[in-house]
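Novice: These are the residues of each chain, in order.
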Amino acid sequence: EPEVTQTPSHQVTQMGQEVILRCVPISNHLYFYWYRQILGQKVEFLVSFYNNEISEKSEIFDDQFSVERPDGSNFTLKIRSTKLEDSAMYFCASSAKGPVNSPLHFGNGTRLTVT
Amino acid sequence: AQSVTQLGSHVSVSEGALVLLRCNYSSSVPPYLFWYVQYPNQGLQLLLKYTTGATLVKGINGFEAEFKKSETSFHLTKPSAHMSDAAEYFCAVRKSSSYKLIFGSGTRLLVRP
Chain A
1 EPEVTQTPSH QVTQMGQEVI LRCVPISNHL YFYWYRQILG QKVEFLVSFY
51 NNEISEKSEI FDDQFSVERP DGSNFTLKIR STKLEDSAMY FCASSAKGPV
101 NSPLHFGNGT RLTVT
Chain B
1 AQSVTQLGSH VSVSEGALVL LRCNYSSSVP PYLFWYVQYP NQGLQLLLKY
51 TTGATLVKGI NGFEAEFKKS ETSFHLTKPS AHMSDAAEYF CAVRKSSSYK
101 LIFGSGTRLL VRP
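As given, the protein sequences belong to chains A and B, one line each in that order. The first sequence runs contiguously to residue 115 in the numbering used here. The second sequence runs contiguously to residue 113 in the numbering used here.
Extracted from the complex, chain A is given alone in its bound form (with noise of 0.2 angstroms):
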């Protein structure tokens, strides 16, 4: 069954620097998200993406965050300057349609550690 693949699944980063994660959504899917969940606490939505461009998102994705799907087949999360809580597991999903007509399928997540 096709799935979703993010790399790393660790990266540990110092404060202040730019972190990319990246993720190959599902081949024939059109709708792109990043989740977010800090150690203990809700998975929280992050951003939606859909047809080259931020579909929605939510007050946490500041100006500090950008998404782009730079080559048809790699979606990815950029945090320019992390800060320490930053640290969380980031999960990409993608669905074939919007997302009530068709399920999210997760990616198994990158842990990001911010020191």
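Since the hints were derived computationally from the structure, they do not count as laboratory data. C-beta: ideal position from N, C-alpha, C; glycine also.
PhoX-like cross-link-like pairs, simulated, lysine-lysine; straight-line CA separation at most 25 angstroms:
hint, chain 1, residue 1, chain 2, residue 2
1, B, Lys58, A, Lys97
2, B, Lys68, B, Lys49
3, A, Lys83, A, Lys57
4, B, Lys49, A, Lys42
Going by beta-carbon spacing under 7 angstroms, a handful of chain A positions derived as facing chain B:
hint, residue
5, Lys42
6, Ser48
7, Pro103
8, Gly107
For this one, chain A is given, so just place chain B on it according to the hints.
Specialist: Below, chain B without anything else, positioned relative to chain A:
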């Protein structure tokens, strides 16, 4: 604003016993409701969803959930727990006008032999 409350961060049942994981939501409009499961070191997997129509929804692995509008609940049940059901379960809600899933805090299900 929409929110989801899952009662009980941990639920422990014996193998073969009924599983009941509780979820209550608040929403100003009819919501779409979901249950996801997360096994260790894996992503979230959709168990079942309610959008419209029949209020009793069947999902994978023998799970089902019932949408009760009067109680604003969407509890997840399984008649007989299996050891492989041990995982974390998340209830989520979405407005029809939004791409955003709002998750509950999760319930970790432990299954005792």
